[in-house]
Amino acid sequence: MTITTPISGSAAATAARADGTPLLEVEDLAVWFPITEGIVFEKHVGDVRAVDGVSFSVRRGETLGLVGESGCGKSTTGRAIVRLYKPTRGAIRFDGTDMAGLEGAALRKMRSRMQMVFQDPYASLDPRMNVAGIVAEPMDIHGVGTSAERRERVKELLTTVGLDPNYAIRYPHEFSGGQRQRIGVARALALQPDLIVADEPVSALDVSIQAQIINLLERLQGSFGLTYVFIAHDLSVVRHVSDRIAVMYLGRIVELASSEELHRRPVHPYTVALLSAIPIPDPVREVNRRRIILQGDVPSPVNPPSGCHFHTRCWLRERLGNPERCVAETPVTREIATGHEVACHFAEDVDGSREQRQSTGQGALSTAAAPPAPGSYAPAASSAGSSAAPAGPDSAVPAAPPAPGA
Amino acid sequence: MTHAQGSMAADARPGLGEPLLTVRDLVVRFRTHDAVVYAVNGVTFDVAGGETVGLVGESGCGKSVTNLAIMRLLAKPAGRIEGGSVVFDGQDMVKLPESEVREIRGRDVAMIFQDPMTSLNPVLTIEEQLTETLRAHKQVTKEEARARAIELLSLVGIPKPETRLKSFPHQFSGGMRQRVMIAMALALEPRLLIADEPTTALDVTIQAQVLELIRDLTQRLGTAVILITHDLGVVAGMTQRINVMYAGFIVEAGLTTDIFANPSHPYTVGLLHSIPRIDGKDEPLIPIEGAPPNQRVAPVGCPFAPRCQWRVERCDTENPGLQSVDASSVTVLTGAAATHRIACFNPPTHEEAIAGRPLREQGNPA
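First to last, the protein sequences are chains A and B. Numbering follows the working numbering, in which position 138 of the first sequence is assigned residue number 140; successive positions increment by one, without gaps. Numbering follows the working numbering, in which position 176 of the second sequence is assigned residue number 195; successive positions increment by one, without gaps.
One should not assume that every hint holds.
Take a look, some chain A residues computed to stay more than 10 Å from chain B by CB distance [claimed, not checked]:
1) Phe43
2) Gly48
3) Ser59
4) Glu71
5) Lys88
6) Gly106
7) Arg152
8) Glu154
9) Asp236
10) Ser278
11) Val300
12) Gly309
13) Phe348
What the simulated footprint calls covered on chain B by chain A, stretch by stretch (three residues with Cβ under 8 Å from a Cβ of chain A suffice, anywhere in the stretch; the number is not a length) [claimed, not checked]:
14) 213 to 225
15) 245 to 251
16) 272 to 281
17) 339 to 346
One side of the interface only, derived from the structure: several residues of chain A facing chain B at Cβ under 7 Å [unchecked claim]:
18) Pro174
19) Ser178
20) Glu202
21) Ala206
22) Leu218
23) Val239
24) His242
25) Asp245
26) Ile280
27) Arg293
28) Ser302
29) Thr362
Simulated from the structure, these hints should not be mistaken for laboratory data. Note that CB positions come from ideal geometry on N, CA and C, so glycine has one too.
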């Protein structure tokens with residue numbers, strides 16, 4: 003096997019992006035981890051239901067964001083896709099082949115087409131290998147090219163991710179966090195995969211470096227026609243990189259929609275709460291924002307609540323007078339609008355609510371047409387009293403260009 | 020479900036006025052056998068009673084070290100305060116003997132750290148840890164301390180405080196541990212609370228709970244807060260004033276509303292363009308190229324110059340120092356009229372700040 007395609011932006015990549023066929027289809031995926039007791043005789047006493055019936059598909063060239071809080075199962079889902087975990091039930095069809103049942107050589111062969119980028123750039127690189135060794139390792143394992151070809155390829159890859167190819171002889175400890183993440187991306191690209199599962203790829207990085215890596219991933223997707231599953235807890239990052247977003251809570255997808263739709267019109271009470279909890283870097287908007295504070299913590303996935311997993315913390319259920327249906331009946335995933343799926347019995351009650359509007363700061367935005375006060379030094383107090391908050395161009399420097407006529 | 024409102028306005032807070040904490044030209048260095056780390060290079064700021072002030076910056080910018088120095092908690096023997104003064108309530112913390120600093124810590128100034136697991140003692144119950152603080156500073160009996168501990172736990176919203184007192188830290192979730200930390204910090208109703216990345220380790224919905232708790236309690240008790248964070252969203256909602264730090268220097272300071280409405284230092288502008296936002300339109304990110312400087316080298320010139328798109332020649336050799344943005348002669352350090360100051364020879368214009376890049380010929384080094 004030799005390396006055939008040199009690294010460059012290709013027409014094939016653009017063609018792949020336009021193709022609407024799903025590259026990855028996940029159907030009713032469940033990953034349970036057994037809990038055992040006893041030392042000599044291990045007794046199976048229960049399961050951690052990390053992922054419990056998740057279905058979605060990812061089109062070729064698309065980025066699907068998986069978002070949720072710690073323990074929601076987003077990372078487990080990602081790892082099950084590349085078969086680092088064996089699914090308890092369900093199907094993972096990659097390019098038409100069910101990965102869930104594959105073993106041995108067949109699995110290894112499929113795996114070369116999907117790669118992972120991990121969160122911690124310190125822990126995911128072997129400290130005893132130099133950069134050339136790290137980036138070439140996937141090629142070594144899959145027997146790609148001669149050693150001279152691999153060396154060349156490593157240099158190309160390093161250049162592609164914005165590192166000096168002369169760094170190939172250095173070791174991970176000589177690099178900063180952002181540079182290490184670039185090395186991790188170069189390694190993921192080495193086998194020219196179709197799919198990259200990026201598990202919190204920027205969470206460990208400083209803000210200014212985060213933006214560098216996000217832009218790098220976007221550029222690479224454009225040039226190589228990559229398909230991403232982007233896993234993160236930060237909804238603002240996920241929104242920025244994703245075409246579509248799946249919101250997870252306690253092992254299930256509660257809402258799935260296009261990135262813009264999800265932000266404009268979240269219809270699951272959990273999504274609304276999650277959005278409203280994200281601080282917006284704008285003091286004027288923050289002062290006018292009402293957030294939904296969820297009570298308590300996420301329940302244990304060992305013994306998840308019956309019915310809707312979110313019912314124990316749901317603000318909407320409380321408002322509706324605690325209907326029994328949420329406890330008794332698991333909500334089925336249904337389409338509330340084209341391409342917008344939600345698993346909530348009462349999603350229609352969220353739609354159009356004040357909570358929905360205010361979750362993304364749109365409550366304060368409704369009066370954006372009001373004349374802005376350029377260069378205003380008015381303290382937040384002056385606008386706090388009135389509902390007509392001046393959300394003018396000054397208060398939204400990175401977000402919006404000045405309105406015409408301002 | 021409760022609805023929380025954003026931060027109250029600066030001038031609506033009680034006890035505002037006299038500076039409670041005055042930090043002047045603070046210099047902190049770490050000396051190891053083969054290197055000197057220039058961690059904090061002349062930091063000056065004030066905190067008035069009842070104010071919430073943000074210290075914002077990325078890893079290694081000196082925001083945490085500044086506050087460890089204020090509390091005289093620098094790792095010894097490497098970390099040393101090598102210049103400047105830290106006056107808390109009329110006393111210079113730098114010169115005070117350790118025994119007196121110990122009195123002030125906990126009673127007048129308290130601290131909450133990022134990781135509640137490592138800052139709580141895993142082998143002591145919550146009761147032992149909470150009452151320890153109370154009994155170290157006040158003449159109270161065991162029963163009185165216990166009663167107060169129960170009161171504190173219910174204050175921070177921990178259900179069934181009587182039974183939870185007997186629990187160990189590992190029996191709490193991350194958010195609950197941070198609540199315990201807050202209870203300990205506020206046990207003696209300190210006048211200043213230093214919160215060092217208090218919600219960074221928490222999930223976003225739990226972060227919202229904890230931030231609301233800190234805001235609520237400190238407002239009620241009139242406690243001044245120094246909030247250390249890298250998250251611009253958190254400071255926007257929590258603080259009245261901000262100091263933006265980079266490589267051991269404050270590069271921009273002023274009212275939170277002023278800084279977000281009119282970011283004037285290239286680093287602040289860069290930070291704001293580096294973060295995607297959930298409100299408004301999704302704009303392309305403009306990253307700050309390069310990486311922060313090596314702080315083992317003595318700083319020369321503006322620390323941000325190597326990464327700065329607005330760099331001019333003198334930036335490489337001279338440090339600009341903090342100057343008011345509108346060249347006014349009077350500098351106000353605290354309160355609602357605080358002066359907006361930046362350390363920059365060639366600040367971006369308002370249009371450039373919105374664009375995220377220089378729009379003038381002479382400002383562009385390229």
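Checked hints:
no., hint, verdict
1, Phe43, "holds (28 Å)"
2, Gly48, "holds (19 Å)"
3, Ser59, "holds (23 Å)"
4, Glu71, "violated (4 Å)"
5, Lys88, "holds (28 Å)"
6, Gly106, "holds (39 Å)"
7, Arg152, "holds (29 Å)"
8, Glu154, "holds (27 Å)"
9, Asp236, "violated (8 Å)"
10, Ser278, "violated (8 Å)"
11, Val300, "violated (8 Å)"
12, Gly309, "holds (19 Å)"
13, Phe348, "holds (15 Å)"
14, 213 to 225, "holds (count 4)"
15, 245 to 251, "holds (count 3)"
16, 272 to 281, "holds (count 7)"
17, 339 to 346, "violated (count 0)"
18, Pro174, "violated (15 Å)"
19, Ser178, "holds (5 Å)"
20, Glu202, "violated (13 Å)"
21, Ala206, "violated (10 Å)"
22, Leu218, "violated (9 Å)"
23, Val239, "holds (6 Å)"
24, His242, "holds (3 Å)"
25, Asp245, "violated (12 Å)"
26, Ile280, "holds (5 Å)"
27, Arg293, "holds (5 Å)"
28, Ser302, "violated (10 Å)"
29, Thr362, "holds (5 Å)"
Taken one by one, the earlier hints fail for this structure at numbers 4, 9, 10, 11, 17, 18, 20, 21, 22, 25 and 28, listed in ascending order.
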